[in-house]
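**Q** The residues making up each chain are set out below.
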Amino acid sequence: MKIRPLGDRVVIKKLEAEETTKSGIVLPGSAKEKPQEAEVVAVGIGGTVDGKEVKMEVKVGDKVLFSKYAGNEVKIDAQEYTILKQDDILAIIE
Amino acid sequence: MKIRPLGDRVVIKKLEAEETTKSGIVLPGSAKEKPQEAEVVAVGIGGTVDGKEVKMEVKVGDKVLFSKYAGNEVKIDAQEYTILKQDDILAIIE
Amino acid sequence: MKIRPLGDRVVIKKLEAEETTKSGIVLPGSAKEKPQEAEVVAVGIGGTVDGKEVKMEVKVGDKVLFSKYAGNEVKIDAQEYTILKQDDILAIIE
Amino acid sequence: MKIRPLGDRVVIKKLEAEETTKSGIVLPGSAKEKPQEAEVVAVGIGGTVDGKEVKMEVKVGDKVLFSKYAGNEVKIDAQEYTILKQDDILAIIE
Amino acid sequence: MKIRPLGDRVVIKKLEAEETTKSGIVLPGSAKEKPQEAEVVAVGIGGTVDGKEVKMEVKVGDKVLFSKYAGNEVKIDAQEYTILKQDDILAIIE
Amino acid sequence: MKIRPLGDRVVIKKLEAEETTKSGIVLPGSAKEKPQEAEVVAVGIGGTVDGKEVKMEVKVGDKVLFSKYAGNEVKIDAQEYTILKQDDILAIIE
Amino acid sequence: MKIRPLGDRVVIKKLEAEETTKSGIVLPGSAKEKPQEAEVVAVGIGGTVDGKEVKMEVKVGDKVLFSKYAGNEVKIDAQEYTILKQDDILAIIE
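In order, the protein sequence lines correspond to chains A, B, C, D, E, F and G.
In this text, residue positions in the first sequence follow numbering that gives the first Met the number 0: the first is 0, and each later residue adds one.
In this text, residue positions in the second sequence follow numbering that gives the first Met the number 0: the first is 0, and each later residue adds one.
In this text, residue positions in the third sequence follow numbering that gives the first Met the number 0: the first is 0, and each later residue adds one.
In this text, residue positions in the fourth sequence follow numbering that gives the first Met the number 0: the first is 0, and each later residue adds one.
In this text, residue positions in the fifth sequence follow numbering that gives the first Met the number 0: the first is 0, and each later residue adds one.
In this text, residue positions in the sixth sequence follow numbering that gives the first Met the number 0: the first is 0, and each later residue adds one.
In this text, residue positions in the seventh sequence follow numbering that gives the first Met the number 0: the first is 0, and each later residue adds one.
Careful: at least some of the hints might be erroneous.
[Stated by the list, open to error] Once the Cα atoms are required to be at most 27 Å apart in a straight line, the calculated BS3-like pairs of lysine-lysine come out as:
1) Lys-74/C <-> Lys-84/D
2) Lys-67/E <-> Lys-84/D
3) Lys-84/D <-> Lys-74/E
[Said to hold, decoys possible] Partial list, derived from the structure: chain C residues whose beta carbon lies under 10 Å from chain D:
4) Gln-35
5) Ile-44
6) Lys-51
7) Lys-54
Since the hints were made in silico from the structure, they are not lab data.
In this text, a Cβ means the ideal position worked out from N, Cα and C, and glycines have one as well.
Given only the sequences and the hints, what does the whole structure look like? Please build it.
**A** If you want it as structure tokens, here you go:
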């Protein structure tokens, strides 16, 4: 199944990273704060959105930071995604 | 009866899918989360809406994801529909 | 008495339909959900409203669906009407 | 004393109508719902208001319907008036 | 001391009128409702305010009606004034 | 240390005036209402702010009146300042 | 790891300063009010943001004052950063 977001929307998949504490213990993703890091899986075409011209700055595969409470969560083929406006993406991690 | 949505509005019919659990049990739609998937049944002509030019991106028959709480629910000929603004449609599923 | 709505406003009269249940019993309008269907009885001339150009899409006699909580209810000559902005009309029923 | 409303404002005087019930009893205005009908007593000159061009559509003497909670009530020479924006006037009664 | 209001602001001084009741008793201003009548004591130069062109319609000495809760109260040389936007002035009393 | 406010922001220092009551007692600033009078200590360059052209009307050294709750308080070198938008300055005292 | 903020966003790192009280005691940063001073570590390219042209005024290395509650806090490589819109930066400290 393929998702094509409308307008300036972006589909992202949250990344859950393992983390090693100072004492060497590995904390799985679920034991930490809600992640804010994600990978872009689909990007709208931008254009005129709400009467304003929007140019898409992110592309599929980018690692991004996003506002924790932004967007809509959807589940497709048992995988959770978040669909949000590009403006809710804070930064690209390079 | 035919519905012609005004401006940038779209009429959708929610899709309730059967789902097979890992153990093989089939869950009917009502036992699951409120669906966010729908089929487009009518599309407004767009044009100038609230002083802004809107181009319709969805067409009748498209499968779409939409914001759970968006739009107005109406019942026509015993069938429930949701009428929402195209901007409340998150993505097209292809 | 004649009502001439200002700007992009529309005057509608709610329709209360009789409905036949599967067992054949007729339910009068008052036993059902609040109706959302109405007939247009007067239409403003549109033009520049709040600095934006509005073209009227509905005409007197149209059957329309409208947002349940939209507009102002007024009683004129013992008949109840709702005066709302055209943008609160969701769709025309044909 | 003369009131000259600024911009797109309009000064109206609420009308309290006597009403005859089916049994023939006359109800004075105060025993009924808050009136929404009024007569226009002064009209601003319109022009550029909040950066938008406003053309005045009502004139002194018009009978109008207005939003019940709109505007500011003022008392001048023991007479109560409401000063509201023309956009809060719903319709002209002809 | 002289006050020069910025942009489309206006400085007004509330007027407290004596009022004679029907029985002839004079009520000083403080025993009545909060006054909404004022005299203009200083007027900004208007111009571009918040990106919009504003033309000042009131002038020093005008008697005006204003929204009861609008503006900021300031005390200068033991005299109370209200500084508000011209748009919060409802009407000029002539 | 020098503060350079961004855009249409202004840095002000509140003035606390001594006040002599009618009986001749001097009230230090802290025993009175929160002051609303201030001196401008730094002014942004204006220009395009939030898509609108802003021309700075105040200059360093101006005595101004400002909205009591406007702006952000900051402490620099043990001195308290308020940084606010020029639009939150009500008037210049001359 | 490198962060590239989108649009008119800026990444800052809060500065915690030691402070010497009058009695000569050194207060570490955590015993004081939440700091509002920060250093800019990354700057977006600006351009058209929400339909408005934004020119970036801050640059990497600038010491800035920012609104205490603005922006999103993120932790990258065990270091906390705040990502905010340039408009939430109040002033540059020189």
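**Q** Now tell me, hint by hint, if it's right for this structure.
**A** Going down the list of hints, with the structure as the test:
1. Of the supplied pair hints, the one linking Lys-74/C and Lys-84/D holds, its CA atoms being roughly 22 Å apart against a limit of 27 Å.
2. Of the supplied pair hints, the one linking Lys-67/E and Lys-84/D holds, its CA atoms being roughly 16 Å apart against a limit of 27 Å.
3. The hinted pair formed by Lys-84/D and Lys-74/E fails the criterion: a straight-line CA distance of about 31 Å is larger than 27 Å.
4. Taking 10 Å as the C-beta contact cut-off toward chain D, the hint placing Gln-35/C at the interface is violated, the least distance being around 20 Å.
5. A cut of 10 Å between beta carbons decides the hint on Ile-44/C: the least distance to chain D is about 9 Å, and the hint holds.
6. For Lys-51/C, the interface hint holds, since its Cβ comes within 10 Å of a Cβ in chain D; the closest pair sits about 8 Å apart.
7. Nearest Cβ of chain D to the Cβ of Lys-54/C: about 17 Å, over the 10 Å cut. The hint is violated.
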